[in-house]
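Colleague: Required output: the full structure, derived from the provided sequences and hints.
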Amino acid sequence: MPLPIRLLTRRALLLAATAILLPISAVHAQQGAAPEITPAEAQAKAKAGKITLIDVRTPEEWRETGVAPGATPINLYHPGGAEGFVKEVVARVGGKRDTPIAFICRSGNRSGQAQRLLAAQGFTNVYNVREGMSGSTAGPGWIRSGLPVEACKVC
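If you use mature numbering (1 follows the signal peptide of the UniProt record, and there is no 0), the sequence shown corresponds to residues -29 to -1, 1 to 126, in order.
Among these hints, one or two may not hold up.
Distance condition first, Cα-Cα at most 20 Å in a straight line; then the derived SDA-like pairs of lysine to any residue [claimed, not checked]: (1) 124 with 5; (2) 67 with 50; (3) 67 with 92; (4) 58 with 118; (5) 21 with 90; (6) 58 with 90; (7) 21 with 5; (8) 21 with 49; (9) 124 with 67.
Here are the in silico distance ranges between beta carbons for each label pair [stated by the list, open to error]: (10) 15 with 63: 30 to 36 Å; (11) 48 with 121: 19 to 25 Å; (12) 52 with 115: 31 to 37 Å; (13) 52 with 110: 17 to 23 Å.
It should be emphasised that the hints constitute simulated quantities derived from the structure, not laboratory data.
For glycine and all other residues, C-beta sits at the position ideal for the given N, C-alpha and C.
Modeller: In structure tokens, the structure reads:
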């Protein structure tokens, strides 16, 4: 016996409303969204000693713009490849794969790559500074936000 059209319509509307009203966080969780923070959040957490900030740009970029105070420059394009990059990060955090780490690059792309690489290596608390140093579609970035920079000491 077919259902009355009124019941089908009511059910279809309920299903559509449920799909539309899903919380954004649930959608992100389903998509496996990686944790991101803003430059201001990264600066505050690094300054408070709550996160290890690692700048994954190239030495030329570090010299050109400077680096965030307290950031550790480790080039994602490491001479030892991905393995060399991971080894340097592991050394920086004393081998503790649950250490909170925030990666920053020029615009958030390479830092996202570094984040995925470390997650694949068993790191559990890795963030991407989504705007980077110079800004992106996500926002103005570290420099244009007026956050402090210092000359790179290892360039």
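Colleague: Confirm or reject each hint.
Modeller: Comparing the hints with the structure gives:
A hinted pair counts as satisfied when its Cα atoms are at most 20 Å apart, and residue 124 with residue 5 does not qualify at roughly 30 Å. Simply put, residue 67 and residue 50 have alpha-carbon atoms about 23 Å apart, too far for the 20 Å limit, and the pair is violated. About 12 Å separates the Cα atoms of residue 67 and residue 92, which keeps this hinted pair within 20 Å; it holds. Taking the CA atoms of residue 58 and residue 118, the gap is near 29 Å; set against the 20 Å cutoff, the hint is violated.
Pair hint residue 21 plus residue 90 holds up; C-alpha atoms about 19 Å apart against a cutoff of 20 Å. As the CA atoms of residue 58 and residue 90 are separated by approximately 14 Å, the hinted pair is consistent with the 20 Å bound. Only pairs whose Cα atoms come within 20 Å are accepted, and residue 21 paired with residue 5 is accepted, the gap being roughly 19 Å. Only pairs whose Cα atoms come within 20 Å are accepted, and residue 21 paired with residue 49 is rejected, the gap being roughly 26 Å.
In summary, the hint linking residue 124 to residue 67 is not supported, as the alpha carbons are separated by about 25 Å, beyond the 20 Å threshold. One distance hint, 30 to 36 Å for the beta-carbon pair residue 15 and residue 63, is violated here, with the actual separation near 20 Å. The hinted range of 19 to 25 Å is satisfied by residue 48 and residue 121, whose Cβ atoms lie roughly 22 Å apart. At about 32 Å, the CB distance of residue 52 to residue 115 agrees with the hint of 31 to 37 Å.
Residue 52 and residue 110 have their C-beta atoms about 31 Å apart, which leaves the hinted 17 to 23 Å range violated.
Taken one by one, the earlier hints fail for this structure at numbers 1, 2, 4, 8, 9, 10, 13, listed in ascending order.
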